[in-house]
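Peer 1: Each chain, letter by letter, is given below.
2 protein chains.
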Amino acid sequence: MSLLVVGSVAFDSVKTPHGEADEALGGAATFFSVAASLLYKPIHLIGVVGDDFPDEIVKLLEKRGIDCRGLEKAKGSTFRWKGRYEGNMNTAVTEETCLNVFGQFQPKVPEEFKKPDYLFLANIDPDIQLDVLRQVKRPRTVAADTMNFWISSKLDSLKKLMAEIDLMVLNEGEAEMLTGKSNLISAAREVIHMGPKVVIIKKGADGAMIVDSSHMAHVPAFPLETVMDPTGAGDSFGGGLMASLAKAETDHTDFPAIRKAVANATVIASFNCESFSIERIKTVTMKEFDERLKILREYSSF
Amino acid sequence: MSLLVVGSVAFDSVKTPHGEADEALGGAATFFSVAASLLYKPIHLIGVVGDDFPDEIVKLLEKRGIDCRGLEKAKGSTFRWKGRYEGNMNTAVTEETCLNVFGQFQPKVPEEFKKPDYLFLANIDPDIQLDVLRQVKRPRTVAADTMNFWISSKLDSLKKLMAEIDLMVLNEGEAEMLTGKSNLISAAREVIHMGPKVVIIKKGADGAMIVDSSHMAHVPAFPLETVMDPTGAGDSFGGGLMASLAKAETDHTDFPAIRKAVANATVIASFNCESFSIERIKTVTMKEFDERLKILREYSSF
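Residue numbers (the working numbering), protein chains in the order written: chain A, 1 to 302; chain B, 1 to 302.
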């Protein structure tokens, strides 16, 4: 099984009630890959960085089983994002976004990556997501994420994309914005009506809901007393999800397999929240992962 | 086992995106009792109504096994509340509160009710909650609810009460307001530090979290596609909770018993949301209850 992700690689400057980080490694494809590679290898990554991007980071990623042959190095600066979290830290306040080389990104899927079994189209212009989908042989499962910006500015393209994917990952606010429904079950049904067979609605500290045409399930967030920095939690969640599906031997449309993958994704996302950047998540062991999964299962079963 | 509740009995006028009700039966003690009586009988109710309160309602409550000998009839009008819900319906917007006879309420616990095994002090002035607690032989389990108004206006009394109870039921916003902690686990620990052995934080459509000094658990809300009116859901939750504890044969400090009681409470609260007033909840059968509990268990286990 091969697993391909397309998305941003960035440097984040983040301030939270617990500290701050300056130009730390970030980006959806980064968080996704580092999280996914705990459970599955190799991960094929497609993204773009500037000529300021250190080779050491690429080496670190490759050492984790993240194949970076699709990580283009362009002339210019790497994507920078600056933001902060306050209060319950559920929503990031963006202070500055410098797309830099990511602004002109036209992903070219390397020949070796053209037959992915699992494809994750991280949050990016839906036209680019569609373009990547066109470049590959139809994968077994295609999942996509998006954000409010594309819902308001490129709804037609997003809908075109949604008609062709299997699994949509959205947060609560995006689900409401996309469907006009404030009830999450109604919103999920509306998303499924737009194409995806399964929708996963991420609710941050309130967990995730999984809906397909005939099932519903809920997985609570792993109970964390200190959230250092939630940046990348959703992308780590995506990485844990897709890696679990790639690893699973059941059919990918099997609802219990997706639910189990969401539980794994939840656990991985919890580690992501315990540090800035990938600091915590890159050190997680399978023993730590298994322990936390056991706690999560006990936490949510009655 | 005897179960006693002290709280309001009222007439509610409510507007939601799905309809409206005018002067329909409401009040914390009402919702609590009607919900509890599905699982356990008798319920001893202490409250006050005005001389405008129809005897037929009292008869209806008594028919359900709600002993209304503690329901005082005072000269004047019954408590009236008017409010509305918008959007995701998570918070009520109060339009009018007429305390009427409830404003001078000085509960007198009848002799026959003075040895409750389980006592629920519904949301009311904490001085009154304390006063009721003083009037009875120390129950096996005392639980209390409160609201933002008392947290800001009578914090000292509330803290005095909290030092004497076993179980505190709060919503998310109240937990944060009371403790100054936006992380719910930290908030729960702080509440426990104030006295209660167990705290249950209600998160509306996002379920409930249960915390004691050595355990944590989460129960999602029952997935409802249409919420007609959430008024009374928290009180029905309290009723389901206490009735389950009274019914259970395990020791009340047993964490699995409390978690099971919260699951039962969640199911009962879901019926509450499906109509205005007690219309739906008064018709629920044990068969319907059991079916929904089974769905909830499947929904949250993996």
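Mixed in with the good hints there might be a few duds.
Note that the list lumps identical chains together, so a pair holds whenever it fits in one copy or between two copies.
Said to hold, decoys possible - Using 25 angstroms as the maximum straight-line C-alpha spacing, the simulated DSS-like pairs for lysine-lysine come out as follows:
hint, residue 1, residue 2
1, Lys287, Lys115
2, Lys160, Lys75
3, Lys181, Lys15
4, Lys260, Lys294
Keep in mind the hints are simulated off the structure, nothing from the lab.
Peer 1: For every hint, state whether the structure bears it out.
Peer 2: Status of the hints after comparison with the structure:
1. Lys287 <-> Lys115: For Lys287 and Lys115, neither the intra-copy (32 angstroms) nor the inter-copy (51 angstroms) Cα distance is at most 25 angstroms.
2. Lys160 <-> Lys75: neither (32 angstroms within a copy, 66 angstroms between copies)
3. Lys181 <-> Lys15: between (32 angstroms within a copy, 19 angstroms between copies)
4. Lys260 <-> Lys294: both (12 angstroms within a copy, 19 angstroms between copies)
When held up to the earlier numbered hints, the structure conflicts with 1, 2 and fits the remainder.
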